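Undergrad: Sequence:
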Amino acid sequence: MKFIIYTDGGARGNPGPAAIGVVLCDEKGTVIKKYSEAIGEATNNEAEYQAVIFALKKIKQLWRKEEIKKSQIEMRLDSELVAKQ
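Counting in full-length UniProt numbering, the final residue of the sequence shown is number 85, and the numbers go up one at a time with none missing.
Since the hints were derived computationally from the structure, they do not count as laboratory data. Worth double-checking, as some hints may not be accurate.
Dumping the calculated DSS-like pairs for lysine-lysine here, alpha-carbon to alpha-carbon at most 27 Å [what the hints assert, rightly or not]:
1) Lys28 / Lys58
2) Lys57 / Lys28
3) Lys57 / Lys34
4) Lys65 / Lys2
5) Lys33 / Lys57
6) Lys69 / Lys2
7) Lys33 / Lys84
8) Lys70 / Lys33
9) Lys2 / Lys33
10) Lys70 / Lys58
Across the chosen pairs, the derived CB separations fall in these ranges [said to hold, decoys possible]:
11) Ile73 / Asn45: 17 to 23 Å
12) Gln61 / Gln85: 21 to 27 Å
13) Leu81 / Glu41: 29 to 35 Å
14) Arg76 / Gly16: 23 to 29 Å
As the structure is a computational prediction, the values presented were derived from the model and not from experiment. We put the CB at the ideal spot given by N, CA and C, even for glycine.
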């Protein structure tokens with residue numbers, strides 16, 4: 001199985017009120033789950049990282065460890081900082 005995960009995070013002001021969004025999809029692009037959540041005060045970069053962490057935690061909660069170990073996880077995000085670190 002392959003998971004495709006779209007994440008985004010942003011803040012109004014930097015820092016400021018921040019939120020994250022996550023969409024979990026299967027390998028065909030079918031949406032499995034969508035999440036959006038306010039995360040309080042954060043910078044844009046912190047919000048981007050929090051979105052990735054949130055997504056990985058959700059995968060861990062939703063699927064058994066054995067399923068995850070056999071799966072590929074593809075992250076799609078617009079943060080160059082997060083993608084390159």
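Undergrad: Each hint: holds or not?
TA: Hints versus structure:
no.	hint	verdict
1	Lys28 / Lys58	holds, 19 Å
2	Lys57 / Lys28	holds, 22 Å
3	Lys57 / Lys34	holds, 14 Å
4	Lys65 / Lys2	holds, 14 Å
5	Lys33 / Lys57	holds, 13 Å
6	Lys69 / Lys2	holds, 11 Å
7	Lys33 / Lys84	holds, 26 Å
8	Lys70 / Lys33	holds, 20 Å
9	Lys2 / Lys33	holds, 14 Å
10	Lys70 / Lys58	holds, 17 Å
11	Ile73 / Asn45: 17 to 23 Å	holds, 21 Å
12	Gln61 / Gln85: 21 to 27 Å	holds, 24 Å
13	Leu81 / Glu41: 29 to 35 Å	violated, 19 Å
14	Arg76 / Gly16: 23 to 29 Å	holds, 25 Å
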